[in-house]
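**Student:** Sequence:
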Amino acid sequence: MSETKAIELICFPGAPSLPIFAAQEKGFFEKAGVAVNLSTTPNSAYQAENLINGTFQIAGTAFDNVVAYQEDAGVYKPESTPDLFAFMGASQVQLALVTAPDVKTFDDLKGKSLALDALSTGFAFVLYEMLARAGLKSDDYEMVTVGATPQRWESVREGKTAGTLTIQPFTAMAQSQGFNVLQTSTDLFDCYQGGSFAASRAWAADNADTVKGYIRGYLDGLDWVFDPENQDEAIEILLRNMPAIKPAVAGGVLKNLLNPRSGLTPKGAILPDGVDTVLDLRSRYGDGPKLTDHARYIDLSYYNQVI
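Once you know that position 136 of the sequence shown is 447 in this note's numbering, the rest is easy, because the numbers rise by one and skip nothing.
Heads up, a few of these hints could be off.
[As the list claims (entries may be wrong)] In silico lysine-lysine, DSS-like type, Cα no more than 27 angstroms apart, as pairs: (1) K578 x K566; (2) K471 x K557; (3) K415 x K448; (4) K316 x K415; (5) K601 x K342; (6) K337 x K578; (7) K601 x K388; (8) K337 x K523; (9) K471 x K415; (10) K566 x K337; (11) K523 x K578; (12) K423 x K448; (13) K471 x K421; (14) K601 x K415; (15) K342 x K316; (16) K342 x K523; (17) K578 x K316; (18) K316 x K601; (19) K471 x K448; (20) K423 x K471; (21) K557 x K523; (22) K337 x K557; (23) K448 x K601; (24) K421 x K388.
Just so you know, these hints were derived from the structure itself, not from any lab. Model, not experiment: these values are computed from the prediction.
Make a model of the complete structure from these sequences and hints.
**Tutor:** Spelled out as structure tokens, the structure:
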């Protein structure tokens, strides 16, 4: 029997990790020959630094983060250009602009502070696009760097900031407590490559079987989550792994997660049109050149060998 390969995985906290939870609990990773230890990241800079330095081998991250660090546009500044790439998709991710109970329109945001993970991430660019389309200018509001979704939601809940972008389950949690959703990314874009799985090209080349084992285990977990017969147990797994979710909203969180427009992408595909959206936003809101080359950030060879 071949040796089980250990993987240190770092993801943002959120419901899109459900297939990972399922793969761990149902033994799909073990069956695929890998042992996955999942950690959550407090922010994108911490995740990038520790993926690049090898503390973690795989990251579940916004696809734009891969683009940002390959373009030397990330918050963390490594000594040399990293060799990160996305090897599988994860989700479109419905980003919701959650605001304080008294902020009911975009105009109500004027003079207020908004919480972000960092000022130059892909999700920040989605927020800039929302605000621009609503007619707000950059001097109408202040952006504040706070961290990942749990910290940002807490900042809004405590009244320190007036709004932020959230993913599930934090969107449902906010709505259940009387906070508003002014708009979502699915209102703006037909397709958006939100989540992806990324690694170092050099590490992947030296550990191809480990990468493919991860892909195989994740896809088995994803198929299990999408199976209608497993919905009740999927909710139990979600609640067990994310105790902050209240049972009353768990069904709605799962429904959103199983909608490919707002949640998990069937078969873990990377969506070319969604990649175009990410590159267009970074080209317009970032300081760099116009970006169009998918192959600069993506290599699906490992994925294609599995499916």
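**Student:** With a cut-off of 27 angstroms on the C-alpha distance, tell me whether K423 and K448 pass.
**Tutor:** holds, 12 angstroms
**Student:** Are the Cα atoms of K423 and K471 separated by 27 angstroms or less?
**Tutor:** holds, 10 angstroms
**Student:** Keeping to a limit of 27 angstroms between CA atoms, is the pair of K337 and K523 held or broken?
**Tutor:** holds, 18 angstroms
**Student:** Just to be careful, I want the Cα atoms of K448 and K601 compared with a cutoff of 27 angstroms; is the pair within it?
**Tutor:** Distance ~22 angstroms between K448 and K601 Cα, so the pair holds.
**Student:** Can the restraint linking K471 and K557 be considered satisfied, given a maximum Cα separation of 27 angstroms?
**Tutor:** holds, 23 angstroms
**Student:** Tell me if the straight-line CA distance from K601 to K342 falls inside 27 angstroms.
**Tutor:** Given that 27 angstroms is the threshold and the Cα spacing comes to 43 angstroms, the pair is violated.
**Student:** Just to be careful, I want the Cα atoms of K471 and K421 compared with a cutoff of 27 angstroms; is the pair within it?
**Tutor:** With a Cα-Cα distance of about 15 angstroms, the restraint between K471 and K421 holds, given a limit of 27 angstroms.
**Student:** Compare the distance between the alpha carbons of K471 and K415 with 27 angstroms, and conclude whether the hinted pair is satisfied.
**Tutor:** holds, 17 angstroms
**Student:** Need the status of pair K342, K316: alpha-carbon distance at most 27 angstroms?
**Tutor:** holds, 11 angstroms
**Student:** Take the C-alpha atoms of K566 and K337, compute the straight-line distance between them, and say whether it is at most 27 angstroms.
**Tutor:** Answer holds: K566 to K337 is near 21 angstroms, not above 27 angstroms.
**Student:** Sort out whether K578 lies within 27 angstroms of K523, counting only the CA atoms.
**Tutor:** holds, 14 angstroms
**Student:** Verify the proposed pairing of K415 with K448, using a straight-line Cα cut of 27 angstroms.
**Tutor:** holds, 18 angstroms
The structure fails hints 4, 5, 14, 18, 21, 24 (numbered hints given earlier, in ascending order).
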